[in-house]
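One letter stands for each residue in the lines below.
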Amino acid sequence: MIRFENVTKTYKEGAVTALEACTTEIQKGEFVFLVGSSGSGKTTFLKLVLRDEMPDSGKIWVAGKQIGKLSHWKVPYLRRNIGCVFQDFRLLPNRTVHENVAFALEVIGRPRHVIDAQVPQVLELVGLLKKRERFPEELSGGEQQRVAIARAFVNRPLVLLADEPTGNLDPATTRGIMRLLDRINKTGTTVVMATHDFVIVDSMRRRVIELSQGRVMRDQVRGIYGYGTGT
Amino acid sequence: MAISVEYVVKETTNNLWRNWMVSLAAVVTVAFSLSFVGVALLFRQEVDNATARWQSGVTLAIFMDQSVQSIHNPQAKAVADQLGNMSQVAKASFCNQKCAYNEYRQMFRGDPTMESAITSPSQLPVSFRIKLKNASQASSVGAIFNNQPAVQAVEYAKGEVEQLLKISNFLQVASLVAAAALLVSSIVLILNSIRLAIFARRKEVEVMKLVGATNWFIRIPFMAEGLIQGLIGAVIGCGLTAFFVDEFRKLISQNKIQLLQPMTATAGETLVVYILLLIFGSLVGAGGSAIALRRFLDV
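Residue numbers (this note's numbering), protein chains in the order written: chain B, 9 to 239; chain E, 203 to 501.
These are calculated hints, taken from the structure and not from any lab test.
Take these hints with a grain of salt, some might be off.
As the list claims (entries may be wrong) - Mimicking DSS-like on lysine-lysine, the simulated pairs with C-alpha atoms at most 30 Å apart in a straight line are:
#: 1; chain 1: B; residue 1: 139; chain 2: B; residue 2: 73
#: 2; chain 1: E; residue 1: 212; chain 2: B; residue 2: 82
#: 3; chain 1: B; residue 1: 82; chain 2: E; residue 2: 405
#: 4; chain 1: E; residue 1: 335; chain 2: E; residue 2: 300
#: 5; chain 1: E; residue 1: 405; chain 2: B; residue 2: 139
#: 6; chain 1: B; residue 1: 73; chain 2: E; residue 2: 405
#: 7; chain 1: E; residue 1: 212; chain 2: B; residue 2: 139
Claimed, not checked - Here are some chain B residues pointing at chain E (derived, C-beta under 8 Å):
#: 8; residue: 84
#: 9; residue: 85
#: 10; residue: 87
#: 11; residue: 88
#: 12; residue: 92
#: 13; residue: 98
#: 14; residue: 102
#: 15; residue: 112
#: 16; residue: 115
#: 17; residue: 116
#: 18; residue: 117
#: 19; residue: 186
#: 20; residue: 190
If you're wondering where the values come from, they're calculated on a predicted model, not measured in any experiment.
Yeah, the Cβ is synthetic: ideal placement off N, Cα and C, and Gly gets one too.
Could you build all of it, start to finish, from the sequences and the hints given here?
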């Protein structure tokens, strides 16, 4: 589903190395934790998958396509196969829960009857059907993140990328979010989650890819957070 | 993937409504910028018209001496024939003694000294009244007749005509330069306010990109919004233009500024200026949005 081959990415004209000769492969339906300290290259990894950034060298495949060769106008179509969740939710404050989720379908040109059918379905999945007319600021952090997940998943993407989705949440709420991501993964969606939270990594026992200074230090099936790499 | 009309209409109206303060700022900017451009354009048109009127109104008069009493006089005939063959002459007429007398009586009506000075038409010279196609030719045409036999004098407003032409040329150039400068500054102002409006909504654009909206899908509602703002701004701008021009005219007539009295524009010319403003407003609105979006759309 996702394959990195010798990918190097630097910022500021080579002064800062974010990823160095990174090679790894993530299969369809996997649940992968991307761990490592701040600046280890986790976010860069996710941005490269999304083609928000382009690598300096190396090749990246997503859903069978080498995305470096993708022409400009095809990038939006790549992104329709990828759902994204962030630490800061990135909801639109002037739209209701329903509108925020529907927005993701509207902008890719889905007809109204499809939107009206799918949005309540996914809101049911994340447990927010009753709050669909609320605005983001009226919701707790955990609920806002559920809306963000609903928006990322409503289009049934092949891959769900999550960049520290629980970074702003308390442990109990975090567990709820992780159960939700687990359910989404069970529908066949590949989930890649960058995180600092060793408690959830250790409790979930999924594949762990550890990055350190832009290199893959460890790639472990049913792994744990790691050995003193810092939290 | 087709972008649905329903989506564009909904997005555009919602966004105009949600961001009404920013919309208002853009509309007001467009309205005032364009009204200044409109005033400058109309002013130019009016100077143009006034100049044409001055020019067509300029009369050259050739006064014959006492030996000539009527148009049947051979020397008068010679002048008439010559005038008839000149391409610079728009219209020439003969004013006989009776015509001169009537004119005189009318000119000095209520002035007993002047009225008693001339008591019969035979005391007045006959003359040719000539309208020229171009006022600037007054002196050259005048020179041709000045030394002809039986011509007493050639009269026209020498200094005044030249002065008038100089002023009107200056006004035309000045108002055109002003219109161009205002146009440029209004483009900058309008672009800036649209850029601000879009900057305030960059989060929205980010989310749209994130979920895989194509660039055109992101652009079209913003452009429709810019178009509407530009159009509303232009309509208000036309109103302001009319208001300013009206006030300007009042000022002129109240202060009796002779030179500017003949300044008017026909309804058709005014309409052309308004249509220009509307086209310009919508173009700048829609185009400005597209340009302002560019930096947020770089994939």
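Checked hints:
Taking the CA atoms of residue 139 of chain B and residue 73 of chain B, the gap is about 38 Å. The hint is violated against a cut of 30 Å. This hinted pair checks out: residue 212 of chain E and residue 82 of chain B have alpha carbons roughly 26 Å apart, not beyond 30 Å. Only pairs whose Cα atoms come within 30 Å are accepted, and residue 82 of chain B paired with residue 405 of chain E is accepted, the gap being roughly 22 Å. Simply put, residue 335 of chain E and residue 300 of chain E have alpha-carbon atoms about 27 Å apart, close enough for the 30 Å limit, and the pair holds.
The straight-line distance between the Cα atoms of residue 405 of chain E and residue 139 of chain B is roughly 23 Å, inside the 30 Å bound, and the hint therefore holds. Distance restraint check for residue 73 of chain B and residue 405 of chain E: the Cα-Cα separation of roughly 28 Å lies within the 30 Å cut-off, and the hinted pair is therefore satisfied. Distance restraint check for residue 212 of chain E and residue 139 of chain B: the Cα-Cα separation of roughly 23 Å lies within the 30 Å cut-off, and the hinted pair is therefore satisfied. A least Cβ separation of about 5 Å between residue 84 of chain B and chain E falls short of the 8 Å threshold, and the interface hint therefore holds.
A cut of 8 Å between beta carbons decides the hint on residue 85 of chain B: the least distance to chain E is about 7 Å, and the hint holds. Checking residue 87 of chain B against chain E: minimum C-beta separation of about 4 Å stays under 8 Å; hint holds. For residue 88 of chain B, the shortest C-beta to C-beta distance to chain E is roughly 4 Å, which falls under 8 Å, so the interface hint holds. Contact between residue 92 of chain B and chain E, as hinted, is supported at the beta carbon level, the nearest pair being about 5 Å apart and thus within 8 Å.
Given the 8 Å rule on beta carbons, the hint for residue 98 of chain B holds: about 6 Å separates it from the nearest Cβ of chain E. At a threshold of 8 Å, the smallest CB-CB gap from residue 102 of chain B to chain E is about 5 Å, leaving the interface hint in force. With its C-beta approaching chain E no nearer than about 4 Å, residue 112 of chain B sits inside the 8 Å limit, and its interface hint holds. A cut of 8 Å between beta carbons decides the hint on residue 115 of chain B: the least distance to chain E is about 4 Å, and the hint holds.
The closest approach between the C-beta of residue 116 of chain B and any C-beta of chain E is roughly 5 Å, which is under the 8 Å cut-off, so the hint is satisfied. A distance limit of 8 Å between C-beta atoms decides the matter here; for residue 117 of chain B the minimum to chain E is near 4 Å, and the interface restraint holds. Interface restraint check for residue 186 of chain B: the shortest CB-CB distance to chain E comes to about 22 Å, outside 8 Å, so the restraint is violated. Residue-level restraint check for residue 190 of chain B is violated (minimum Cβ-Cβ distance to chain E is 23 Å; threshold 8 Å).
When held up to the earlier numbered hints, the structure conflicts with 1, 19 and 20 and fits the remainder.
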